[in-house]
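Chains as they are written, first to last, in my numbering: chain A, 1 to 403; chain B, 1 to 379.
Just so you know, these hints were derived from the structure itself, not from any lab. Since this is a predicted model, take the numbers as computed values, not measurements. Every residue, glycine too, gets a C-beta built ideally from N, C-alpha and C. Don't take every hint at face value.
[Stated by the list, open to error] If you want the ones that stay clear, here's a sample from chain A, every Cβ over 10 angstroms from chain B, calculated:
#1 74
#2 170
#3 193
#4 197
#5 298
#6 315
#7 391
#8 392
#9 397
#10 398
[As the list claims (entries may be wrong)] Covered, in the sense of this in silico footprint (three residues per stretch, anywhere, with C-beta under 8 angstroms from a C-beta of chain A), are these stretches of chain B:
#11 33-44
#12 202-211
#13 219-231
#14 340-348
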Amino acid sequence: MAGVADQRSATRVRGEPSILLRLWRNKDTRSVILQILTMALLFAFLAYIINNAMLNLAVLGKTFSFDFLGFPASYDINQRLIEYTSQSTHFRAMLVGILNTALVAFFGIITATIVGFLFGIIRLSNNWIASHIVYCIIEFTRNVPVLLHILLIHGIIVHVLPSPRQAHTLADSIFLSNRGLTIPDPIFGEGFSYTVIAFFVAVGIIVTFYRWARKARDERGKIYPVFWISAGILFGLPFLVFLLSGSPLGWEVPTLGRFNLKGGITMIPEFLALWLALSLYTSAFIAEIVRAGILAISKGQWEASQAVGLQRNRILQLVIIPQALRVIIPPLTSQYLNLTKNSSLAIAIGYMDIVATIGGISMMQTGKEMESMILVLSIYLCFSLVISAFMNWYNQRIKLVER
Amino acid sequence: MTPGKTEGPITVTEDGGYLPGTHPDLPPPSSVHGPVHWIKVNLFGSVTETALTLVAAYFLYSAITFLVGWMFVDAAFTGESRKDCRAVATGACWAFIGNRFSLFIYGFYPEPERWRVDLSFVLLILAMVPVLFDRMPQRSKALIYTCLYPFIAAWLLVGGFGLEQVSTDQFGGLMLNVVIGVTGIAFSLPIGIVLALGRQSQLPIVRILCVSFIEIIRGVPLITLLFVAAVMLSYFVPPGTNFDLLVRMLIMVTLFASGYMAEVIRGGLQAIPNGQYEAADAMGLKYWQSMRLIVLPQALKISIPGIVNTFIALYKDTTLVIVIGRLDILGIGNSSLADTKWQGLSTEVYVFVAFFFFVSCFAMSRYSLWLEKKLHTGH
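Throw the hints in and build the complete structure from the sequences for me.
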């Protein structure tokens, strides 16, 4: 035995490393050790903060549970898409908040995309004065914090616009005042369903026509004005059915009451301000993305299209934009995500979105900080995941098919 | 001599004409160059172009007359209340801004101590110099000072060690924006580098951890993280520990910025050709050695424009602290509106703050563009 021990110490003296050192020097075992250490550190950290959280909750006499979602919320929400009263539960308040966020994000994304593409294309146009005006607007908009845009527009609506009695009005049916934008409310009469059915039939016809026209183009080289014919069918057919079924649609036009407007649909100033500010801010970024995308298409594509005799609009529509979209889509996705996340600034002007309902008043009332914040964070994560999943799917669809 | 060039003797025939091929070049006719041509092509190229030009020109004219009128011609620059302003002018009331200018800059920082804020601004500019100019002499030594700057500034602003203590509750105005922005960027850079390297790591657990951290941070709005700082973070420290709100905010802002920073640096890392990694391995360099000596210097250099853009975004986002009740430059403006003497001047305040942000962010974005051009060594 002694001899073995001697031998071992002798080898160590000669420079043979110990077992631990040898494991450490082997690349594979070292990576395993490192990962185990990382996990251990992470778990230790998590255990530490969870332990602290439990101690703190115990000190304050609170428990960790989501029971409060079933309790009555007893506060009012100024814009609700679903039935909600102050007797409804916190869970219902959260749903109202989620829908409000989704509403402003949805409208914001649509407007921002349209305005952004328009700005991006004008920015590239040959028209010196138009492109420079758009340049100034873009630079001003994107170099100012979005919160400032929201507050500025909200301030203008609330302080500068006149009261409902002196509201700016268009044809006495659309009113713009410091209480928001009021538009007539459609009342669907009996038989309006025929028009709806006609609309879907029109969509079906258009899809078939589109396929047929594409086949005709590929096989016979005949080009039909697909856009105009489609538009004609889309609007013409439902309109015809609408007239034939006896125009079953009325409008509840808002009228001036003593202090306020009665009837109609009112977009509250908070929604208007948030919608306009988010669209404007994001459209400035989208315009730059569109511009970069179009500039990324090589000059040869323009020249080749000009050589086959296409006009500028047709070149953009048929050659440049389809190719530019591949460059544009990934950064566009992150702008959509930014818009959705920026809608959380609603709380600064009192628009009741997720943060203001469950993460604001509900949290203050129930004192459930941890639970509410976890809910809010996970809801936003879900929003982000849904939008990026959709955009990834779209990106896959338009990706260049490589040969 | 090539025909048609003017140099050399010009051959002229008896009747005053030129020999074939010897006529000097004439300037192009005025219909294809010069200002008239330019206007024709760029402003009145076609019917739609002309319409666009006219609409744009009308828009420009009305916008400029309105803005100049409101901001300068009809504006009041002196006065003690809104009434004074309205008495002399119908446009903007800038007296309000002038009246509260120091509040906008320093917040509620105690007046006799304000030199410390000024000094830290000056030191900040000095600390930026070696980052912005890569040709300066003794750059590596100056960079050490840059790395130390956040700590010097913290000491100057908070006090202690010979200076009078100032509570962080008194931080406000522009100073708060700068403190949050600079701290966020300074500390998120190293964290971002580690996260970006972790995202590319060969070790699956490290990679998954880094990816999920980055994606979670980028998937939630900064506001919710600030709320976490305000109401939730103090649950995670041992009971009884007092934890300054500003520090909590700075932690969350730093984590937020590092998620974005990691993505910027990952872009830089991915732009480094594989040959560089392989060459470093072939030289027998260890992982950290190859990163420190070969990969990161190149990757960081190409990510500088992205880092500047992240800073601009973060700097604009520092205004969000008003939702948890801290008064930055925007918050000061917002809360000044509650003063009965000055009620209803929200537009003036917001336009002033917007102008301020526009100037600083626009300058930074120009710098980042210039840098991008300079670093772009391809074709």
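Okay, the hints, checked on the actual structure:
1. 74: 21 angstroms, holds
2. 170: 20 angstroms, holds
3. 193: 41 angstroms, holds
4. 197: Check passes; 39 angstroms lies beyond 10 angstroms.
5. 298: 12 angstroms, holds
6. 315: 15 angstroms, holds
7. 391: 14 angstroms, holds
8. 392: 13 angstroms, holds
9. 397: Non-interface label stands for residue 397(A): nearest chain B Cβ at 23 angstroms, farther than 10 angstroms.
10. 398: At roughly 23 angstroms from the nearest Cβ of chain B, residue 398(A) sits farther out than 10 angstroms, so the non-interface label holds.
11. 33-44: holds (count 3)
12. 202-211: That given contact holds, which follows from 6 residues of the segment 202-211 of chain B lying within Cβ reach (below 8 angstroms) of chain A.
13. 219-231: This one holds; 9 residues, not fewer than the three required, reach chain A with a Cβ under 8 angstroms.
14. 340-348: holds (count 3)
Hint compliance for this structure: every hint is met.
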